[in-house]
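Kindly produce the complete structure, drawing on both the sequences and the hints.
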Amino acid sequence: MADTEAHPDHDPILPVRRPRRLRSSATMRNLVAEVEPAPRQLILPMFVAEGIDAPRPISSLPGVVQHTVDSLLRAVEEAADAGVGAVDLFGVPRPEDKDATGSVALDPDGILNRGVRAVRERFGDDILVCADTCLDEFTDHGHCGVLATDRHGATVVDNDATLPLYADMAVAQAEAGAHLVSPSGMMDGQVRVIRDALDRRGFTDVAVMAYSAKYAGAFYGPFREAVGSSLQGDRRAYQQDPRNSRESLVEVQADIDEGADIVMVKPAMPFLDIVRTVADMSPVPVAAYQVSGEYAMISAAAEKGWIDREAAVLESLTGIRRAGADIILTYWATEAARLLRG
Numbered sequence: 001m002a003d004t005e006a007h008p009d010h011d012p013i014l015p016v017r018r019p020r021r022l023r024s025s026a027t028m029r030n031l032v033a034e035v036e037p038a039p040r041q042l043i044l045p046m047f048v049a050e051g052i053d054a055p056r057p058i059s060s061l062p063g064v065v066q067h068t069v070d071s072l073l074r075a076v077e078e079a080a081d082a083g084v085g086a087v088d089l090f091g092v093p094r095p096e097d098k099d100a101t102g103s104v105a106l107d108p109d110g111i112l113n114r115g116v117r118a119v120r121e122r123f124g125d126d127i128l129v130c131a132d133t134c135l136d137e138f139t140d141h142g143h144c145g146v147l148a149t150d151r152h153g154a155t156v157v158d159n160d161a162t163l164p165l166y167a168d169m170a171v172a173q174a175e176a177g178a179h180l181v182s183p184s185g186m187m188d189g190q191v192r193v194i195r196d197a198l199d200r201r202g203f204t205d206v207a208v209m210a211y212s213a214k215y216a217g218a219f220y221g222p223f224r225e226a227v228g229s230s231l232q233g234d235r236r237a238y239q240q241d242p243r244n245s246r247e248s249l250v251e252v253q254a255d256i257d258e259g260a261d262i263v264m265v266k267p268a269m270p271f272l273d274i275v276r277t278v279a280d281m282s283p284v285p286v287a288a289y290q291v292s293g294e295y296a297m298i299s300a301a302a303e304k305g306w307i308d309r310e311a312a313v314l315e316s317l318t319g320i321r322r323a324g325a326d327i328i329l330t331y332w333a334t335e336a337a338r339l340l341r342g
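Going left to right, the sequence shown walks through residues 1 to 342 as the numbering used here numbers them.
Since the hints were made in silico from the structure, they are not lab data.
Some hints could be false.
What the hints assert, rightly or not - Derived CB-CB ranges, DEER-like:
(1) N30 with D326: 19 to 25 Å
(2) R341 with R29: 16 to 22 Å
(3) D241 with T149: 20 to 26 Å
(4) T27 with P164: 32 to 38 Å
(5) Q253 with P164: 20 to 26 Å
(6) G189 with N30: 44 to 50 Å
(7) D257 with R338: 36 to 42 Å
Where is the CB? At the ideal position from N, CA and C, for every residue including glycine.
Right, dumping it as structure tokens:
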């Protein structure tokens with residue numbers, strides 16, 4: 001009734017409101033688009049491995065490799081030229097270099113710190129260098145911290161014994177040249193001890209990008225191949241339960257209170273509702289990690305010819321941005337940046 005009163009000459013069979021007007025051409029759609037990923041908002045996760053003399057393909061991540069230091073630098077140059085904002089480096093030591101405490105992660109000459117140093121020396125501030133601050137790649141048991149036996153005789157990850165190692169690891173990464181350190185182990189208090197250690201050593205300008213809402217689950221399989229994981233068991237005692245959402249706010253708020261400069265939700269796709277909730281409450285930028293399982297699913301479907309690969313890549317990144325992420329970690333960062341730049 002209101003429509004016919006406002007438009008007395010309008011045929012009541014025809015619609016008054018036509019949303020399709022704003023979809024009529026590519027130019028019109030671009031004019032009114034609400035969000036779009038930008039290359040500067042993308043971070044490229046990369047793997048640098050000890051003991052290899054050529055890039056080594058990762059079978060479950062088509063197109064992704066374990067790098068030598070030399071090939072790492074070439075790939076970072078490609079990312080920088082495409083406009084990617086940052087790279088996030090993960091170290092892959094030799095199996096024989098792993099031990100119960102992941103000590104090679106603290107070694108200035110360990111593979112991760114050498115990779116960070118090489119990238120920072122070559123590129124300066126032209127592209128940001130982030131380092132993964134976690135022990136899981138470096139421990140012979142594959143867990144993110146020091147193991148201990150609880151009062152019931154069960155083997156557990158000792159939260160408080162792990163924290164000093166994270167602090168030392170972050171300082172080593174800062175000394176190597178990292179712009180950001182990224183604690184991903186989900187230990188309670190990890191941001192506070194890292195921030196305190198960095199500040200005491202004079203690295204007040206090194207930012208902390210915290211894995212704040214990191215969920216345990218089924219989407220990490222290809223990553224474990226990528227880092228040569230030695231994991232025994234699972235990480236459900238310290239990573240979040242996928243059935244829960246409220247605890248993500250507790251985790252995120254704790255990291256903000258402890259000094260995190262950026263908070264992260266991981267994985268992205270199964271937890272877009274968490275991305276949205278965190279974005280609504282966070283006073284600091286929010287990152288989301290499009291993890292290896294997400295990459296592998298789209299890649300496999302595209303290889304089968306079931307979906308349009310490039311369209312699916314950009315649509316998946318747009319969905320993460322629309323959910324509220326300011327920053328996206330994705331193995332497609334360089335390719336997506338080129339697509340976004342036309």
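How the hints compare with the structure:
Checked against the given bound of 19 to 25 Å, the beta carbons of N30 and D326, roughly 21 Å apart, stay inside it. Between R341 and R29, the C-beta spacing of about 18 Å keeps the proposed range 16 to 22 Å intact. For the hinted restraint 20 to 26 Å between D241 and T149, the CB-CB distance of approximately 24 Å keeps it satisfied. Separation of T27 from P164 is about 57 Å and departs from the stated range, judged on CB atoms against 32 to 38 Å.
Take Q253 and P164: their Cβ atoms lie about 24 Å apart, and the range 20 to 26 Å holds. Our hint of 44 to 50 Å for G189 and N30 holds, since their Cβ atoms are close to 46 Å apart. The hint said 36 to 42 Å for the Cβ distance between D257 and R338, and at roughly 39 Å that hint holds.
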